[in-house]
Amino acid sequence: MGLFSKMKGFTGAVPKELLSDGLLGRGIVFEVVQTGVSVGQVNPDLVCDISVEVMLDDVPRYTAKCRQGIPTTVLPQLTAGQAMVAVRVNPNDHSEIALSLGEEPPTVTMAAGEDEKTVSAADILENGEPCRAVIVQSQPMGAQNAAGDEVHAFVLTVMADGQAPYQVQVGNAVPAAGVPLIYPGSAVPAKRIPERGQECVVIDWAQAVSDATRGPA
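Residue numbering for the sequence shown follows the working numbering, beginning at 102 and increasing consecutively.
These are calculated hints, taken from the structure and not from any lab test.
For every residue, glycine included, the Cβ atom is placed at its ideal position computed from N, Cα and C.
Errors might be hidden in some of the hints.
With a Cα cut of at most 20 Å, we get these calculated EDC-like pairs of lysine to aspartate or glutamate [what the hints assert, rightly or not]:
id : residue 1 : residue 2
1  : 117       : 150
2  : 166       : 224
3  : 166       : 118
4  : 166       : 194
5  : 117       : 204
6  : 117       : 146
7  : 166       : 150
8  : 117       : 159
9  : 117       : 205
10 : 117       : 132
11 : 117       : 197
12 : 117       : 227
13 : 166       : 197
14 : 166       : 146
15 : 166       : 230
The calculated label-pair distances, taken between Cβ atoms and stated as ranges, are [to be verified]:
id : residue 1 : residue 2 : range
16 : 264       : 177       : 19 to 25 Å
17 : 223       : 150       : 36 to 42 Å
18 : 121       : 311       : 46 to 52 Å
19 : 227       : 267       : 39 to 45 Å
20 : 134       : 174       : 17 to 23 Å
21 : 121       : 228       : 21 to 27 Å
22 : 141       : 267       : 46 to 52 Å
23 : 207       : 248       : 14 to 20 Å
24 : 195       : 138       : 50 to 56 Å
25 : 158       : 299       : 27 to 33 Å
Let the sequences and hints guide you as you build the complete structure.
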């Protein structure tokens, strides 16, 4: 690597061709570490090492890092947790990314099976054991599965027979009919396969919608 390239990396400069020609994707910022370096004379940008979960159309989610100068006015938004940003990705090297702070994060179509990263939703619904889940928090991820259902990030309290309640963070696709049931405290039927990990939990939206439509017995 030449001296100029080293200096660009040190200052957090982003190649112009990456921002202009890179693939547009959606990113979730989960770590921002300030390097102690700033660039610019007036309102300097703070150079940060940023870890991002990247989502591109029909590509499995992955984690990448970049070093970039961030305006001081933007930094609090990125460090607040689970910030959604637009990212540009080198089409020839998906590990090379940059935050594209001047663009809105796009809606992406996730790769098949990526709405549940450890095992497919269909597998859990078919083979899992019944349980109940209480929605603690939820947030649209700006992504949809292959069927066109929006994917949401959930914090769930899971309750199963013979086991103390526990909390998990999962991504679940939600059909349009299930959206009205997404609110804090909503208790919904679910399925789980605990031997594959506590995160193998999927809300049974078909049953949840049926129960809500039927109403109290």
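Hint-by-hint comparison with the structure:
| no. | hint | in the structure |
| --- | --- | --- |
| 1 | 117 with 150 | holds, 19 Å |
| 2 | 166 with 224 | violated, 32 Å |
| 3 | 166 with 118 | holds, 18 Å |
| 4 | 166 with 194 | holds, 13 Å |
| 5 | 117 with 204 | holds, 15 Å |
| 6 | 117 with 146 | holds, 17 Å |
| 7 | 166 with 150 | holds, 7 Å |
| 8 | 117 with 159 | violated, 25 Å |
| 9 | 117 with 205 | holds, 18 Å |
| 10 | 117 with 132 | violated, 24 Å |
| 11 | 117 with 197 | holds, 13 Å |
| 12 | 117 with 227 | violated, 48 Å |
| 13 | 166 with 197 | holds, 8 Å |
| 14 | 166 with 146 | holds, 18 Å |
| 15 | 166 with 230 | violated, 38 Å |
| 16 | 264 with 177: 19 to 25 Å | violated, 39 Å |
| 17 | 223 with 150: 36 to 42 Å | holds, 38 Å |
| 18 | 121 with 311: 46 to 52 Å | holds, 49 Å |
| 19 | 227 with 267: 39 to 45 Å | violated, 23 Å |
| 20 | 134 with 174: 17 to 23 Å | holds, 19 Å |
| 21 | 121 with 228: 21 to 27 Å | violated, 47 Å |
| 22 | 141 with 267: 46 to 52 Å | holds, 47 Å |
| 23 | 207 with 248: 14 to 20 Å | holds, 19 Å |
| 24 | 195 with 138: 50 to 56 Å | violated, 26 Å |
| 25 | 158 with 299: 27 to 33 Å | holds, 30 Å |
The structure is inconsistent with the numbered hints 2, 8, 10, 12, 15, 16, 19, 21 and 24, although it conforms to all the rest.
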